[in-house]
Every structure is written in C-alpha cells, then in structure tokens.
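Undergrad: From these two lone chains plus the hints, build me the complex, please.
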Amino acid sequence: MNISGIELLKVRENLWEIPASGKMKVPGRIYISQEMIEKGFKDSEALKQVANVAQLPGIEKYSLAMPDIHWGYGFPIGGVAATNLNEGVVSPGGVGYDINCGVRLATTNLEYNSVKKRTGKLVEKLFKAVPTGVGASGAIKRLSTGELKKVLSKGSAWALENDLGTSEDVSFTEESGTLRNADSNSVSKRAYERGADQVGTLGSGNHFLEVDVVEEIFNAEAAEIFGMFLGQVVIQIHTGSRGLGYQVCDDYLKILLQVSSKYGFNLPDRQLACAPIKSQEGQDYLSAMQAAANFAWNNRQVIMHLTKKVFKDTFNQSDSELGFNLVYDVCHNIAKIEKHKINGGEKEVCVHRKGATRAFPSGSKLIPEKYRSVGQPVLIPGDMGRNSYVAVGTEKAMEETFGSSCHGAGRNLSRKKAMKNAKGRNLIEELKQKGIVIQAKGYRTIAEEMPDAYKDVLDVVNVMHTEGITKKVAKLRPVGVIKG
Amino acid sequence: MASSFKFIDHTADVAVDLEADSLEELFSSAVEAFKISITDIECIEISDSIEIEITGASKEELLVDFLNEINFYVTTKKWLCCGIESIKVFNDENEWELSAEVNGIKLNSEKDLKQEIKSVTYHQMEIIAKNNMYSTRVVFDI
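Sequences listed follow chains A and B, in order.
Numbering-wise, numbering that gives the first Met the number 0 puts 188 at position 189 of the first sequence, and it's gapless, one number per residue.
Numbering-wise, numbering that gives the first Met the number 0 puts 21 at position 22 of the second sequence, and it's gapless, one number per residue.
Just so you know, the hints here were simulated from the structure itself, not pulled from any lab data.
Using N, Cα and C, we set each Cβ at its ideal position, and we do this for glycine too.
Warning: the hint list may mix true and false statements.
Derived lysine-lysine pairs resembling DSS-like cross-links, with alpha carbons at most 25 Å apart [what the hints assert, rightly or not]:
| id | chain 1 | residue 1 | chain 2 | residue 2 |
| --- | --- | --- | --- | --- |
| 1 | A | K415 | B | K113 |
| 2 | B | K129 | B | K77 |
| 3 | A | K60 | A | K24 |
| 4 | A | K120 | A | K419 |
| 5 | A | K253 | B | K87 |
| 6 | A | K127 | B | K77 |
| 7 | A | K419 | B | K110 |
| 8 | A | K140 | B | K87 |
| 9 | A | K140 | A | K124 |
| 10 | A | K474 | A | K115 |
| 11 | B | K113 | A | K419 |
| 12 | B | K110 | A | K124 |
| 13 | B | K110 | A | K416 |
| 14 | A | K253 | B | K105 |
From the structure, some residues in chain B lie toward chain A, with a derived Cβ separation under 7 Å [unchecked claim]:
| id | residue |
| --- | --- |
| 15 | T10 |
| 16 | A11 |
| 17 | E52 |
| 18 | T74 |
| 19 | N107 |
| 20 | S108 |
| 21 | E109 |
| 22 | S118 |
| 23 | Y121 |
| 24 | E125 |
| 25 | I141 |
Here chain B stands alone, though its shape is the one from the complex (with noise of 0.2 Å):
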C-alpha cells in the first residue's frame, strides 16, 4: 500500500496531485492533503470518528463528495479529520459507492484554522488507472 501527494502552483487556489496504489488509498490521501492546507495542528489523540456512506455516478463525484462531507464537518461541527479508520469504494452495476470511517478530533478553536476551503471542484479531476496506480488532480476553491 502506497501513496503521495505533491501540491502545485495555482494562480488563485489551492491545487494538489495524488498518487496511490488504490482507490482506497487515493481517497485517504486526499484527505489528508485537505488537513494539511486548512491547519499545522497535529492531532495527538483521536476523540471520535464520523461514518460516511456516499453514492455517485462517477469516482470523480465520489471523491469531490466524500472531501466536501469532511469540509461540511469542519465548518460547521468544528470537527477536524485525522485520518482514515476504514475506507472501501466500490463500483455496483452503473453507480460508485463509499463507506468509510473517519477519525478526528473536536476543535478548540477557529484559530486552528488556517484556511478556509469553500469547496472541493471538479476542476482538472480526473481518477486515472495506469500501471496498477491511480492518480488525479484535487483543486480547492478557497
């Protein structure tokens, strides 16, 4: 299992590539690259964790989906995502599914906060499958 993530220059948003060896790990990655541009705060101990089921036509509107039900959480719950606890994406018949536990920790303060994400956009998304790896480019409207 393996992924990364590099973040690129963009004129008026944020812009990053992903990486990984699964759609699995693709989505996790991508989680985690949206913690890191909303806040430095590490998270040290877990409080609690939120499930996330999520249908679509496309991986893309999985994926765009799936980042802006996390962004929902952040801005209203004050709810920071860690990490991923358990994540499966599957495609039935005509549609793409996400079940996926995620892990994460109450915040103190809107101070935490670096940046403010409007929204994730399908902007340049495009989940390619080549030589066993996936990749994409995630963009977000800040």
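Looking at chain A on its own, in the form it has when it is part of the complex (with noise of 0.2 Å):
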C-alpha cells in the first residue's frame, strides 16, 4: 500500500511496515487496520517522522507507531521507540512538551441510576473545585521554591504527606508516583515559576475531569479485581506537568540542540535532538523530565482529592460510604529506562512513549501485587461524546512492542476545522440529549474538542485488542464531563 509516496508493507492483518532504507537504522512498524486506512487516514506526515525516528542512534528493533498515530514533533503522537543504553540516546521530542500527560481512572460504590438526577449539580462543582482552561492557577496555594522542590523529588508522596491522598493513591499508581532519579536541581528556575501556582490544576486544550459510568465489561475476572461493576460511577483524569514541564521540554531541547553536532549527529528533524543516555547532557535531561513526571503525578492526585471532597460533600457520604479509590495512573508521554527482550536476550533500554501507554502483562513485577493475575490496566479515554476504554497489557506486548499501547483517538479535524462545524449547532444541547452534562471555561474549546473532532477510539481499541497487545476489560460511557 503507498499512502503519499510512503510504500507500506503488510506484516499481518493490522500491522504494517516501513523498510529500513536511506539512513533508517531499523525498520518502522505501524498498527492500524486496513479499514482505519481506508477510512481516510493519510497522514504521511505522521508517517515519514515514523521513519525519522528510526534513524537515531541505538534504536532498537523498530520504530513502532500505535494505531492512534498522528502528527506530532519529532515522534509521531502514538509513537514508541527504545535505544539501548551503550551507544542509544534520549530525545525530548519521544516524550513531548507535556512531560507525564497521563491519566488515572477511579472508582466509586454510587450506581449512577440512583444518583444521575444529581449530575448537574455535581459537574457545577466541580468545575469550581477544579481550576482549568488558560493559566489555571490556585487551586491549592501558591508553593514557595523549597516546596516545589519536594514535589519535583517526591511526586505523589508529597500529596500523601500534605494529607491530599492515601497511601493507597500512591500505591496505585505507575511507578508508585515517584521516579526515583529525579533531580531538581536539573529543572530552571523558569520552569518552577511556570509551576509555581499551577499544582492542582487541569489546563486547557484536550485536558478534562469526567465522570463515566461502567456501560459493558468485556474481562469480568479484571473488572472485579479493578473494583468495577456495570451501572457504576467512576472518574477519569487526564492532564499532565503544566506548564513546568513544557518548560523542561523547552530549556533541553535548547541544549541538546546545541550538542547534537559535538556527538556528530545529523538528524533529519530539529525536534528529534538527542543526547547520549550515558553523556552528562542526557542525563541531565532524563533526571529534569523525571522531576516534571513526578509532578504531574502529584498534579492529577491534588486533582484527584479535590475531586473526592466534591463527591463526599455532594452525595453526603463518608470515605468508606464513597469507595473513591484509584484504579490506576498511567503515563503517557514518558522516556523510561526498563529491561525487554531483544535479540534473544534481556536488555535494559530506553523506552519513549510519546502519546502511548505502558502495558505490561500479568506476572510483571513492575504493576501493584492485586494486579498481577491479570495485568496492567490500560486506560484509553475516548472524546468528549464518546466512551473511554479500560483495557489490561499482554505478554504480546512485551514482545512487541516493548510493553505499550495506545493512548486515546488521536485528532481527526484540525481545531479550525471543528469551529467551522461547529457553527450554527448547539453542542452543549447536543452532549445533553446524548445525556451528558458540560460545563468549560469557553464554548470554543468545547468546539475545538468536539467528538467530530476526533476518530473513533473504538477503532484504535480494537486494533490493540484484535492484535493482542492489550485485551478489553471495560467500556467508559461519559455523564459529566469538565474541560479548560
């Protein structure tokens, strides 16, 4: 198949591939079922950074894209790659501006039935609890640099200790919240001015607090340990390390720019700048992105208890009577050193996951113990019209694609494209017959961000399901939904 002058092979049913040629050090792979193609994706653009990124250095096996590819900088949105630790080498470009954009999922014993007159209500505070849209700001107080140090060092851990979550929060959560290597002193002094007052906060763009209720459970064995049951009301969350983290993204890739050339690099995209993983400039970088990820764990926890206390204060319950409890939170925009099967052999990588989500299987050491008779969950939010997905990771996807997924439906309407459509409709009424209440800081984003906006999640779901790199526990269906 050519898709604009890129040829793709067939591998298999939903997978194809770019031959490694030119200064392509493997080959790429991408996901995506032949109907998705035919659908109208033709984004050679996505494609051609697919081939880029299999030229840095140390790339190992293939340059992956999930189904959810589109166009990002440097990587592809959906894009994952490793370099092996020796000659291999970090890019702020396979992680993104938003450092640790992820999401967490948690659960709640309301069945929405029983509380669903109410959700007008509780979306109007909410919306109030949760600063968002352009420069949020406030929604605890401003941190002094000293705190904001301890964040940067302790991510969730410093929720915890400021009584803004419980243990098991952190426990539930993608490396317990806190990437160990993190060092503060590696972030500037602007990026902790641009997150000084922002802890706590969603931000704009594709950023929202939503509550879904469980529609279908496809995996009754991991709905029940994940704690879900149909009718139920649970709550996504997906933002990431705001402003700071654009910053860090910024401030590196200002520096390795500049050393690109004394490593000899010549790299077909000025936003694929790199760094050794062993030179002091890589690692400076990865110990700065760890300190943004760490805050923006404790970022969606804040975000997570302020959310809590709205519940508890709405429906009148206590903690034990609400059951507010995390399913789990996962990155995805994220470099992470991890151990995978290459060649035979077991191999300590690196692993960019630029808009995709780790998934690793059942058995891994690495996920919460009440997790490892199933695996991992998956959260894979759909529009704002649309259901979200809870899936689990496969030992496929370990031997694939070096433990990852997709992350969501990836854009289909550029942003003017969907103000064009939305002219002349009324989308708040239109989300409300389909009932589902909205409340955002501007009705331009909820046009920017409407579901015509975006493809089909379940297309992308079911690429990773179909091909076995993650298996389907559960379908999300949104109720209430808050946006920037």
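TA: If you want it as structure tokens, here you go:
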C-alpha cells in the first residue's frame, strides 16, 4: 500500500512496515487496520516521522507507532522507540512538551441510576473546585520554591504528606507516583516559575475531568479485581505537568540542539534533538524529565483529592461509603529505563512513549500485586461524547511493542475545521441529548474538542485488542465533562 | 517595509505562514500572529515594555527563543505583547543575535486569554531568503 508516497508493506492484518532504507537503522512498524487506512488515514507526515525516528542512534528492533498515530513534533503522537544504553540516545521529542501527560481512573460505590439527577450539580461543583483553562492556577496555595522542589523529588508522596491523598492512591499509581532519579536541581528557575501556582490544575486543550458510568464489561475477572461493576460511577482525570513540564522540554531541546553536532548527529528534524543516554546532557535531561513527571503525578493526585471532596460533599457520604478508590494512574508521555527481551537476550533500554501507554502483562513485578494475576490496567480515553476503554497489558506487548499500547482517539479535524463544523450548532444541547453534562471555561474549547474532531476510539482499541497487545476489560460512557 | 501572515490548517495545533521583506519584519509579524493566537483583546494603551536579548546558533533558534521568551511573560507575568518598539537581528561570525524592545499591557484576568501555547516549536520551521523576501512557517504547540 502506498500512502502519499510512503510504501507500507503488510506484515499482518493490523500491522504494516516501512522497510529500512536510507539512514533508517531499523524498519518502522505501524499498528493500524486496513479499515482505518481506508476510512481516510493519509497522514504521510506522521509516517515520515516514524521513518525519522528509525534514524536515532542506538534504536532497537523497530520504530513503532500505535493505531492512534498522528502528526507530532519529532516523534509522531502514538510513537514508541527503545534505544540501548551503550550508544543509544534520549530525545525530548520522544516524550513531548507535556511530560507525563497521563490518565487516572477512580471508582466509587455509587450507582449512576441513583445519582443521575444530581449530575448537573456535581459537574457545577467540580468545575468550581478544579481550576481549568488557560493559565489555570490556585487550586491550592502557591508553593514556595523549596516546597516545589519537594514535589519534584517526591511526586505523589508529596500529596500524601500534605493530606491530599491516601497510601492506596500512591500504590496504585505507575511507579508509585515517584521516579527516584528525579533531580530538582536539573530544572530551571523559569520552569519553577511556570509551575509554582499550577499544582492541582487541569489546564486547557484536550485535558479533562470526566464522570463516567461503566457501560459494558468484557473481562469479568479483571473488572472485579479493578473494583468495577456495571452501572458504576467512575472518574477519569487527564492532565500532565503543566507549564513546568513544557518549560523543561523547551530548556533541554535548546541544550540538546547545541550538543547534537558535538556528538556528530545529523538529524532529519530539529525536534529530534538528542544526546547519548550516557552523556552528562542526556542524564541531565532524564533527571529533569523525571522531576517533571513527578510534578504531573502529584498534580493528578491533588486533582483527585479535590474531586473526592466534591463527591463527599455532594452526596453527603463518608470515605468508606463513597469508596473513592484509584484503579490506576498511567502516563503516556515519558521515557523510561526498562528491561526488555531483544534478540533472545534481556537488555536495558530507554523506552520513549510519546502518546503511548505502558501495558505490562500479568506476572510483572512492576505492577501492583493486586493486579499481577490479570495485568496492568491500560486507560484509553475517547472524546467527550464517546466511550473510553479500560484494557489490560499482555505478554505480546512485551514481545512486540516494548510493553506499550495506544493512548486515545487522536484528532481527525484541525481546531479550525472543528470550529467551522460547530457553527450554527448547539453542542452543549447535543451532548445533553446524549445524557452528557458539560462545563468548560469557554465555548471555544467545547467546539474545538467536539466529538466530530476525533477519530472513533473504538477503532484504535480494537486494533490493539485483535492483535493481542492489550485486551479490553470495560467500556465507560461519559455523563459529566469538565474541560478547560 | 512589508510583511504578511496566514494561519493554515493543522490537525493538532496552530500553524502560521509568515512572509516579510526583512528578518526584523518577519520576527515582528510572528509576534503579531502569536498575539492573535492567544487573545482577541486589543491593546488600547501600552503600559510598559520589556527588553529581550537572545543569542543562538541559527535564525530559527532565535525566532523560537524570542517567541518562547514572550510566551514566558504571558504565562507567568500575566503580560501581553502588543507590538515591537524596536528590533535588531544580526549575525556575528557563527552566532545569531537579537535585541528587541517589546511593548505590552498587563492582563486584567486570565479570561482575556483564549488559548494556552505550551511552546513554540521548530516543527517545519525554515527561514528562507528569496528575492529579497524572508519566509517561514511557525507551529505553536497548544
């Protein structure tokens, strides 16, 4: 198949290959269905980015892309690449500006049918409690530099120490909400300034806080272990490291651009600026990125705490009655040092996941003990008007994708086109007809983020399911949405 | 002195094509496009100005850093750029330098901003000089 000049060879039903040519060190591999391609996937720019990533020094096996692939900066969104620790590099372009952007899912003991009438009130209160929108700030008091340093070193543990979370919350977060090699001294003064008043804020764009109802269960055993049941009210939080993370990316992009020539790299795209993992610059980026990742985990933890307070207040329930439990928190913009099987042996590599979710299988020591019989929860949110999915990681993901899966629907329309499509329509009313209450800072965000602007997340989830990379556990339906 | 810019369709973010008859004009119109991307408010009366000095290995690096510097003021100081008082872009041996004075106003409220720009990117940026005109694309990550 040829997509705008790029030749794709069919490997399997849902797996396509860009053969290694020119400066590519490995082939590119894209998980996507024929149907998705026929439906209009013609993002040749994203495919070029898959090929560009294949040129990175020390890349192992394949430059991969998940089915939610679209055009990004340097790496495509949905891109996964592992580089070895000897001659391999780390690239901020493989992580993205929003370091540790991610999703968390919490369950409640509430049945939607019994609280349905109060959804409007609930959404209104949540909108007031969690700052959203451009430059959102002031969820909790502005943190001093000293306190912010603690956030960067401790991640979710900071929230726990400040009575903004429970020890269960922390243990059901990827990496328990703290990357230990974070160094708050690798983070610039500017990044601190951008982050000082943003702890506990959602921000704008595609970030959201959502109240969902469990609509369908595909895997009863896993759903039970995750504490999920049909008709249950659950909550999803999608945000990241806010201005602090953006600034860390900016700062290190500049530094790594300067050193790329020193290391003799001839890169196809400035946004792929990188440094050897072993080098001082590479290590500095990794420790600053980890500090930003810790900020993000703490951010989602604080938002969860604010959300829980609103639920307790609205439904007049105690902690034990409400049962506001974290199922899991996963990041989808990160680079991590992990062990993977490569060419028959086990090797430590730096796995870049840019718009891709970790998807470790049952038995993995790196997931909470409670989940080791079924696998790690993988959270895949859809757009504001359509379903989200919970899945589990598998052994096949370890074999093929460095333990990674998709992260969401992916945009279909530009914001400009979405605005055009929204003209003359009342999107709030349209969503209401579907049983969804929405509150946003401005109508513009609702228009830009409207369901029509996104691909159908089910197509994306099904590719991963059919290929056995992740298996579906449950389907969620949105009933209350808070946007920036 | 002439310059123009045009916003183009981009799936995930905001992209703008710029053209001008000097580098200084090109950079100034990039600031104008940046301002339009984040707000609809008009600058009635300039309240103050900031001075920006940047050095970089390329023209592109200078432009990215210049716009990111302005974005930093917007996001942390609640200050909005309104126009360029003065700007000089020059090449000194292997290094590019920029010095500018940018006029602006204090923002009353975050509601004045319609869009948050995470960062200005190098994506598809290439400053090309042809027939005494300079052109480039700038993509903002939002």
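Undergrad: Determine for every hint whether it applies to the structure shown.
TA: Verification of the hints:
1. K415(A) <-> K113(B): holds (14 Å)
2. K129(B) <-> K77(B): Violated - the C-alpha atoms of K77(B) and K129(B) are around 38 Å apart, more than 25 Å.
3. K60(A) <-> K24(A): holds (9 Å)
4. K120(A) <-> K419(A): This hinted pair is violated, its Cα atoms lying about 31 Å apart.
5. K253(A) <-> K87(B): holds (22 Å)
6. K127(A) <-> K77(B): holds (22 Å)
7. K419(A) <-> K110(B): holds (23 Å)
8. K140(A) <-> K87(B): violated (41 Å)
9. K140(A) <-> K124(A): holds (19 Å)
10. K474(A) <-> K115(A): holds (18 Å)
11. K113(B) <-> K419(A): Between K113(B) and K419(A) the Cα gap is close to 17 Å, so the pair holds against 25 Å.
12. K110(B) <-> K124(A): holds (19 Å)
13. K110(B) <-> K416(A): holds (24 Å)
14. K253(A) <-> K105(B): violated (29 Å)
15. T10: holds (5 Å)
16. A11: holds (5 Å)
17. E52: violated (15 Å)
18. T74: holds (6 Å)
19. N107: Check failed: Cβ of N107(B) comes no nearer than 13 Å to chain A, outside 7 Å.
20. S108: violated (10 Å)
21. E109: holds (5 Å)
22. S118: holds (5 Å)
23. Y121: holds (4 Å)
24. E125: For E125(B), the interface hint is violated, since the closest Cβ of chain A sits about 10 Å away, which is over 7 Å.
25. I141: holds (6 Å)
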